[in-house]
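Engineer: Given the coordinates of chain C, assemble chains Z, S and V with the ligands onto it according to the supplied hints.
As a plain string of letters, each chain reads:
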Amino acid sequence: MATMNMVHAINLALKEEMQRDKDVVILGEDVGRDGGVFRVTEGLLEQFGEARVMDTPLAESGIVGTAIGMAVYGLKPVAEIQFMGFIYPAADQIFNHAARIRSRSRGRYSVPMVIRTPYGVGIRSPEHHSESSEAHFCHMPGIKVVVPSSPYYAKGLLISAIRDPDPVIFLESTRLYRMIKEDVPEGEYTVPLGKARIVQEGGQVTVISWGSMLQKTIKAIEGVDAEVIDLMTLNPFDEEAIFNSVKKTGRAVVVYEAPKTGGFGAEISASIAEDAMLYLKGPIKRVTGYDAVLPLPKLEDYYMPSTERIRKAIDEVMQY
Amino acid sequence: MATMNMVHAINLALKEEMQRDKDVVILGEDVGRDGGVFRVTEGLLEQFGEARVMDTPLAESGIVGTAIGMAVYGLKPVAEIQFMGFIYPAADQIFNHAARIRSRSRGRYSVPMVIRTPYGVGIRSPEHHSESSEAHFCHMPGIKVVVPSSPYYAKGLLISAIRDPDPVIFLESTRLYRMIKEDVPEGEYTVPLGKARIVQEGGQVTVISWGSMLQKTIKAIEGVDAEVIDLMTLNPFDEEAIFNSVKKTGRAVVVYEAPKTGGFGAEISASIAEDAMLYLKGPIKRVTGYDAVLPLPKLEDYYMPSTERIRKAIDEVMQY
Amino acid sequence: MPETTIESCEVKRLEILSENGDADESLAPKFTDSQIRELYETLVRMRTFDGRALNLQREGRIGTYASILGQEAAQLGTAYALEKRDWIFPSFRENGVFVARGYEMYMILQYWGGDERGIKVPEDINMFPISIPVGTHMLHAVGAAMAAKYKEDKTVTLTYFGDGGTSEGDFHEAMNFAGVFQAPVVFICENNQWAISVPRARQTAAMTIAQKAFAYGFEGIQVDGNDIFAVYKATKSAVDKARSGGGPTLIECHTYRMSDHTTADDASRYRTKEEVEAWKEKDPILRLKRYMEKKGLWADSYGKQVDEDAKALVDEAVKKAEAVEKPKPQDMLVYTYKELTPRQKKQMGDF
Amino acid sequence: MPETTIESCEVKRLEILSENGDADESLAPKFTDSQIRELYETLVRMRTFDGRALNLQREGRIGTYASILGQEAAQLGTAYALEKRDWIFPSFRENGVFVARGYEMYMILQYWGGDERGIKVPEDINMFPISIPVGTHMLHAVGAAMAAKYKEDKTVTLTYFGDGGTSEGDFHEAMNFAGVFQAPVVFICENNQWAISVPRARQTAAMTIAQKAFAYGFEGIQVDGNDIFAVYKATKSAVDKARSGGGPTLIECHTYRMSDHTTADDASRYRTKEEVEAWKEKDPILRLKRYMEKKGLWADSYGKQVDEDAKALVDEAVKKAEAVEKPKPQDMLVYTYKELTPRQKKQMGDF
Ligand SMILES: Cc1ncc(C[n+]2csc(CCOP(=O)(O)OP(=O)(O)O)c2C)c(N)n1
Ligand SMILES: Cc1ncc(C[n+]2csc(CCOP(=O)(O)OP(=O)(O)O)c2C)c(N)n1
Ligand SMILES: [Mg+2]
Ligand SMILES: [Mg+2]
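Protein chains in written order, with this note's numbering: chain C, 184 to 503; chain Z, 184 to 503; chain S, 20 to 370; chain V, 20 to 370.
Chain C extracted, bound-state conformation (with noise of 0.2 Å):
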């Protein structure tokens, strides 16, 4: 067991599948020689070679596309996305292709691929490049979206993620990459995808967010008697956990930090909303970011959901 963090974790994950399956193969965008430009696959290309760590042109749909013909043929590719604002030009082949070829094919062909991508505001970047688009790949039926909170579960979830039989988004907070150290296990452990975990439990309100908003969150809630909920999985995600939570506390506040308007915690608002309405003592508020393309760093902290303005939505929906 040794103390790392998230960036470590992940390469991790990675290097130890690639020693167990030799299918795993890596491309993406400065995955090898320079080992990523967050370093998170630093060292793999020396202990795997080219073949298996493929330096790619500049080209997402390129990345993503020839992945998918790699899975199709038999291998569990790891495809880097340099950053979640550059993978709209490979959303025709996750979206038309990746998500559909097993129901295209009646299961005779499958997509069993991961592709990582750094996510989510707060290393003062240029434009797009700290954007949480995950609410589209979460309305994509054919798709698994998951976003790790810490280095422990990055590991775990992204073991389960190369091995699952589907596509999975798998989002890397950078905020998150060298933030927290934690403890992580040397060798196999596998954290499932599709469950969520309850990271606090309590009374009164449920609080529900993911990936680094869960940090911010558990800052929030100090002194609160709040049941905190880290989705982890996003598509499919664990409506039981949630209902089950919101049955308890009668109170619900979902955090993200995507515009608000179609962030994918409406979703949860709304199977609240439909599922878990009689429970409700009040509104379900959420802490989002803005309806506005995310601004450049010096506005960045103003955009992104902060303590306070989590703590305000709680201590609102305690008023009823």
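Incorrect hints may appear among the rest.
[Unchecked claim] Each computed EDC-like pair below joins lysine to aspartate or glutamate, with the alpha-carbon atoms no more than 20 Å apart:
| id | chain 1 | residue 1 | chain 2 | residue 2 |
| --- | --- | --- | --- | --- |
| 1 | V | LYS299 | V | ASP279 |
| 2 | V | LYS357 | Z | ASP347 |
| 3 | S | LYS170 | C | ASP204 |
| 4 | C | LYS205 | C | GLU229 |
It should be emphasised that the hints constitute simulated quantities derived from the structure, not laboratory data.
Structural biologist: Relative to the frame of chain C, chains Z, S and V with the ligands by itself:
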């Protein structure tokens, strides 16, 4: 005043706007000589010439990307994407550029462009020809999304969209194209963007839908004291109209034909659960497509929300 | 050193079998008589199938259908150059390739009839399902070829697309990845002169599609796509090259779409009868028949028999397709993921 | 007619000014002495600005920054060939082009300092904001050129991108639309041999970037990108051609990125010192200086003065940039649409 279907109403809007303003140009696949695969642009090449009605190469990103350049330069392009299932190759141009250029340039440049595209289930088409992926574009600040539900509104909304200073995605239900005929005035009239329409007043339940689902909804409410809202503009949507209605009725049902999870109706439910919760008598139900890849024609009727399914949801919420 | 030439390229066109059935024997592939017959019989089967599918659509017995009329040689000549272990990634117009590869014809009809079970490719056919989004599936062929190379499998992948498909960004990325990774893949462009209503000249300002390969550092060649000998020969040498580690090739089959784009289209809106007429004399099957006549491989009774056999096979396929039970509504959910999600399980209860 | 050649292409490279400052006068543009001085002074201003920006980043006074070191001639030689009415669509590495076009230097610093107001282009400069998504903005240049053509404006658009940018699908679509619509656009590829850590040879298997134009039916040329005469001459003739209705041109400026990719990068991880050293002798400014020496246009006092003037201008820009007031949080919302949405109005209340 002539009676016409939606294809003709849209064609008329295009023709009149092109007559009025020579900066309005059309581009897309097969929009010229062929008059569009649904004949929506029929006769426009003959009337306005090749320089204004441009048959493009088969490349959606190219269509939207060049339209952005035209818009920035001072034209008002109306781009056609042949089917909504083929809009994804243009996702990057829409999300990372069209939506953001005003913001990026602090108002120096803008993108007064319309992207028209046929959407929706119901005409027995091959794969990818029946999708409703409006949710993606509603989760993108800087983009407007408009969906008419009848010929009259199609014409008035399209004229508003063309004159709007910001990029508008204009969704045309293939099922509605030739289904309804309606009186449509010749000459200029506009239907404002951002405003919903109360199709029928009622006191017991609010049913919210748009586009082709509105027609199903109207059938489904027979004999119920329902208030029916045609949202018309999904982004930005008319919260106020919804809240006002829900405050009156205390019950809400949202109908959309996209896959349930993460569909735009989730945002509507979530908004009600956040800002009008205290007026609700019971859960907010959603009647939607399934969380599945849209099936080929043999099963499409099972996929699409039916009058029966809508009615069932209304009956359910009426029990509270 | 002022202006110097640092690179150059020549684009070739290969023709072997002329319209009146004469073959340049120095170039012609060394087919046995029975192979020639096999080619002819397969071409007829493809065309018979295609004609029937068009009829079925007109009668409302299947949905929208994309005809291969005129493109049979381009489809068979390419597919015939592959081994069974090789992989095919088709677009939506390769019905003939499916037939040529021994895919059950009734299943093709089932697919166009609106039932995805028709495109569940049997385990023993290395072929990918039909891909409707134009220009996108070539990337899968390249990725599969990269995987084959990594696994040292010595299989080749081959992918089909139209002239219109070359305009999509994914075409570019597929070609570029293939070049960079020296993937064992063969790109077949069926340049049938039209992308729905858009003529080839409006699709790209390049004189040929073949020359586009130069942009990616590998070879491109144009062949007379109605000349099955030329198509086969170019493909065979590209496949051999790919298999032996020589990397990708682009082959432009210069042919013509004799039908409407699909049954939902009316080509008379945008092209002249004369243009279509002019291509009739270039018909790929007629041409092979003339060759067989000249070679003494032809008898009218043989021709009749081939037609009848094809018709019988297609008749049977139609019967079989129409006897298939309707899919169950639940089917739409079960292949989304390997396992149903909790929410999908609830949704199954609706039926 | 067996195998015939149906098309061909030659790729040229243009060099005028050698490393030691000798120019091929038969090819050299007819610059006046004062123009030569203007070029030199602008190059120095660009480099001075760039060096200062790198320092400011190191001191934490601006954010991530992308250096132009080594690419000054490619940026100035191209921009200098334009008229004021012409339009530029830059990528993220055209800081030098901004300087050359008279864009306020303090605003460029403001932008890289994380404040979008720095990229609000003044009304009298026909330039588009920096575009970060690689390879995507060329389409805007093509669209603008199509619009200019439609309006019969006789303006030309010019767009910059890197070698890496040529791999994106949008590059392909932009080039293809430009060819089909004969748009008055000039494509400038600053091939600086690297896309972050990926070397040019791994970006495409083509020998040159220039040859990619052949795929779209128009001309491409490679120039020595560190030779301002060659860059200018090729651009000027492409601009003239575009303006007179001759359609698009692709110009590959063969140059080198002397710095790290950005301040967030460490190039020593993936390339050798020797490679970088070898390019130092090819320096574009040094080369022009040597030319000026040979032409009697040089004096050390002049050189010193130019350096000092540049430094003073940049000093002033830094001061101005750092005096700008912080943006207001509300600013993030107000430029989303022409008018605030009802929901945004509520959100404004948060600040
Ligand atoms: C990405 C995408 N855009 C648009 C379409 C609609 N569409 C179907 S076929 C076609 C034309 C294809 O032309 P080409 O590639 O030449 O193939 P052909 O039909 O001639 O075989 C179009 C525009 C599509 N299927 N996919
Ligand atoms: C679509 C997209 N993908 C990835 C990136 C991240 N990225 C920024 S610059 C760069 C390399 C660009 O190389 P090149 O085009 O050669 O330009 P250069 O940096 O050499 O000027 C990459 C991968 C991006 N900005 N946009
Ligand atoms: Mg075609
Ligand atoms: Mg570069």
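Engineer: Does each hint fit the structure? Answer for all of them.
Structural biologist: Do the hints match the structure? See the list:
1. V:LYS299 <-> V:ASP279: Holds, because 15 Å separates the two Cα atoms, which is no more than 20 Å.
2. V:LYS357 <-> Z:ASP347: 9 Å, holds
3. S:LYS170 <-> C:ASP204: 13 Å, holds
4. C:LYS205 <-> C:GLU229: 15 Å, holds
Comparing the model with each numbered hint stated earlier shows that all of them hold.
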